[in-house]
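J.: For reference, the chains in residue letters:
2 protein chains.
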Amino acid sequence: MTFTTANEQNAAIIDGKSMAEEIMSRIAFEVKRMKESIGKVPGLAVIMVGQRRDSQTYVRNKIKACEEAGIKSMMTELPDHCKEDEVLNALSRFNEDPSVHGILVQLPLPQHLDEAKILDVLSLEKDVDGFHPLNMGNLALRGREPLFIPCTPKGCIELLIRSGVEIMGKRAVVIGRSNIVGLPTSLLLQRHHATVSIIHAFTKNPEQITCEADIVIAAAGVPNLVRGNWLKPGAIVIDVGTNPIEDPSCEHGYRLRGDVFYEEALRVASLITPVPGGVGPMTIAMLLSNTLDSAKRAYNFT
Amino acid sequence: MTFTTANEQNAAIIDGKSMAEEIMSRIAFEVKRMKESIGKVPGLAVIMVGQRRDSQTYVRNKIKACEEAGIKSMMTELPDHCKEDEVLNALSRFNEDPSVHGILVQLPLPQHLDEAKILDVLSLEKDVDGFHPLNMGNLALRGREPLFIPCTPKGCIELLIRSGVEIMGKRAVVIGRSNIVGLPTSLLLQRHHATVSIIHAFTKNPEQITCEADIVIAAAGVPNLVRGNWLKPGAIVIDVGTNPIEDPSCEHGYRLRGDVFYEEALRVASLITPVPGGVGPMTIAMLLSNTLDSAKRAYNFT
Chain A
1 MTFTTANEQN AAIIDGKSMA EEIMSRIAFE VKRMKESIGK VPGLAVIMVG
51 QRRDSQTYVR NKIKACEEAG IKSMMTELPD HCKEDEVLNA LSRFNEDPSV
101 HGILVQLPLP QHLDEAKILD VLSLEKDVDG FHPLNMGNLA LRGREPLFIP
151 CTPKGCIELL IRSGVEIMGK RAVVIGRSNI VGLPTSLLLQ RHHATVSIIH
201 AFTKNPEQIT CEADIVIAAA GVPNLVRGNW LKPGAIVIDV GTNPIEDPSC
251 EHGYRLRGDV FYEEALRVAS LITPVPGGVG PMTIAMLLSN TLDSAKRAYN
301 FT
Chain B
1 MTFTTANEQN AAIIDGKSMA EEIMSRIAFE VKRMKESIGK VPGLAVIMVG
51 QRRDSQTYVR NKIKACEEAG IKSMMTELPD HCKEDEVLNA LSRFNEDPSV
101 HGILVQLPLP QHLDEAKILD VLSLEKDVDG FHPLNMGNLA LRGREPLFIP
151 CTPKGCIELL IRSGVEIMGK RAVVIGRSNI VGLPTSLLLQ RHHATVSIIH
201 AFTKNPEQIT CEADIVIAAA GVPNLVRGNW LKPGAIVIDV GTNPIEDPSC
251 EHGYRLRGDV FYEEALRVAS LITPVPGGVG PMTIAMLLSN TLDSAKRAYN
301 FT
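Protein chains in written order, with the UniProt record's numbering: chain A, 1 to 302; chain B, 1 to 302.
Because the hints were derived from the structure by calculation, they are not lab data. These figures come from a predicted structure and were not determined experimentally. Treat the hints with care, since some could be wrong.
As the list claims (entries may be wrong) - If you only want the chain B side, here are some residues facing chain A, beta carbon under 10 Å, derived:
(1) PHE131
(2) PRO133
(3) ASN135
(4) MET136
(5) PRO146
(6) GLY169
(7) PRO184
(8) LEU187
(9) ALA194
(10) VAL196
(11) SER197
(12) ILE198
(13) ILE199
(14) PRO206
(15) ILE209
(16) GLU212
Stated by the list, open to error - Pairwise CB distance ranges, derived in the manner of DEER restraints:
(17) A/MET168 <-> B/GLU207: 15 to 21 Å
(18) B/PRO108 <-> A/GLU67: 47 to 53 Å
(19) A/GLY169 <-> B/ARG227: 17 to 23 Å
What the hints assert, rightly or not - Subject to a maximum C-alpha distance of 30 Å in a straight line, what follows is the list of computed DSS-like cross-link-like pairs (lysine-lysine):
(20) B/LYS232 <-> A/LYS204
(21) A/LYS204 <-> B/LYS204
(22) B/LYS296 <-> A/LYS117
We treat Cβ as the ideally placed atom computed from N, Cα and C, and that holds for glycine.
All chains should be modelled from the sequences, with the hints used to inform the complete structure.
T.: Below is the structure:
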């Protein structure tokens, strides 16, 4: 047994950035192999509505990653107050374009647009985000396989597996139940045979439940929500939160904080992802991986 | 505070049978009203493959309930060793028949048949069991509505609501994660804002997790699995299990036991469903309710 002072760091850091780079270089290799053998590359189309600063950053990072991997990317930018039809038209063009294998509608959309209606139009075979209800149903149901697993949940699991964490039989708590992260992460953890509890805004004693978890996935979008005393000693913590906190001393006037109080968690957890540099890069790697898989499926290339 | 001896019964019994009868008489009234105003009645078609004793009992009860409510029922029975095409053909006929508003493929199917493939063919508008992956995805996703909520989960929630149980914010444990009961029940409880944990065969300490639950839904298919000491005093217990136990003293040579050790649970729980007479009749009432809703939708009858 080791003696631990109050300030000691116990947790090893999960280096999402370098894990993602490994995956990215495998993808780049596969894209090159595809290009050389059949003269085709995967294509990713992005539809972006409005000027949200965070969305712009995410999209920029995704397009940069495509370039690095040799994946063709194209983007349609629409103004904040565009009509639903304009989004649907852009979507239809990409649906029909055989050089596009993945389509991404950057969320959240402005309030006046019907997100569900728009996502329903997205071709199932190109839904690399995996947000279509049919994909979600196939993720939830045993004995079925979704065409695509949503990128952030898939990235969380990848981080766990690459860190040598066995998921089967573990108590896992997912904090947050968004359609994009919390829900599909809870379904995916169940596919890996974890015992899953889902915590949300109506949960009365989130700290008590989280305290029992071997694996904590924080995806609430609330900075520093998960304190050190929420965690079981030795817990494994995946922090999906990327909350901008104003900080004039930083380059862009803000810095990113996770949903986990990182400095406190470091002393209690055994493994933890940093923000930034944890889930973020892995999410992008999974998006490219889904796009590559989709192109392979389209060209029947193995 | 009341003094309780070891053998005292604390729990009130949830009378699923009489609650279901109430719903059934409302359905019968609605069917009559539909017949009188537009000359149509709802129709339910059942496809049954093989000779499973339990399936035969379930199907018989469903058809009897249809008769009582004035819903037209029809059945296709196929032998155990029938070909997949025969099932698919029967299904297609019912899909195309405008007098059929609900189609039920009695599960489980014999091993040699591809359940997923068969359910995929079932028309979404007639999927009164709610097992289609698109329905399941829409049940899982916030901001979307499934066309049909699976009958047993819907019945469990109905039993809770009619017993005056507030679900929002409650800790709920679902034991079992079948596609038919456990999974959709966990999704539906989340829609009602419970904090849900899902327990299954790989869960290491099911009794410890169950012990924290305000609401326990037992759907593991293991007789007497949930002992009295698994329950928090005052817990609300919904027992989905209907396990035949051999008993020569009973009429058919067997009697039904739930997944919960009923006599023990009676002393600890505050509310509990009996087996039989709890979830079973409510499931049938929900099937008829879904069939009625489907017919109303088809005829645009309100």
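J.: It remains to establish, for every hint, whether it holds in the given structure.
T.: Against the structure, the hints:
no.: 1; hint: PHE131; verdict: holds, 8 Å
no.: 2; hint: PRO133; verdict: holds, 3 Å
no.: 3; hint: ASN135; verdict: holds, 7 Å
no.: 4; hint: MET136; verdict: holds, 4 Å
no.: 5; hint: PRO146; verdict: holds, 9 Å
no.: 6; hint: GLY169; verdict: holds, 5 Å
no.: 7; hint: PRO184; verdict: holds, 9 Å
no.: 8; hint: LEU187; verdict: holds, 7 Å
no.: 9; hint: ALA194; verdict: holds, 8 Å
no.: 10; hint: VAL196; verdict: holds, 6 Å
no.: 11; hint: SER197; verdict: holds, 4 Å
no.: 12; hint: ILE198; verdict: holds, 6 Å
no.: 13; hint: ILE199; verdict: holds, 6 Å
no.: 14; hint: PRO206; verdict: holds, 8 Å
no.: 15; hint: ILE209; verdict: holds, 7 Å
no.: 16; hint: GLU212; verdict: holds, 8 Å
no.: 17; hint: A/MET168 <-> B/GLU207: 15 to 21 Å; verdict: holds, 19 Å
no.: 18; hint: B/PRO108 <-> A/GLU67: 47 to 53 Å; verdict: holds, 50 Å
no.: 19; hint: A/GLY169 <-> B/ARG227: 17 to 23 Å; verdict: holds, 21 Å
no.: 20; hint: B/LYS232 <-> A/LYS204; verdict: holds, 17 Å
no.: 21; hint: A/LYS204 <-> B/LYS204; verdict: holds, 24 Å
no.: 22; hint: B/LYS296 <-> A/LYS117; verdict: holds, 24 Å
Checked against the numbered hints given earlier, the structure satisfies every one of them.
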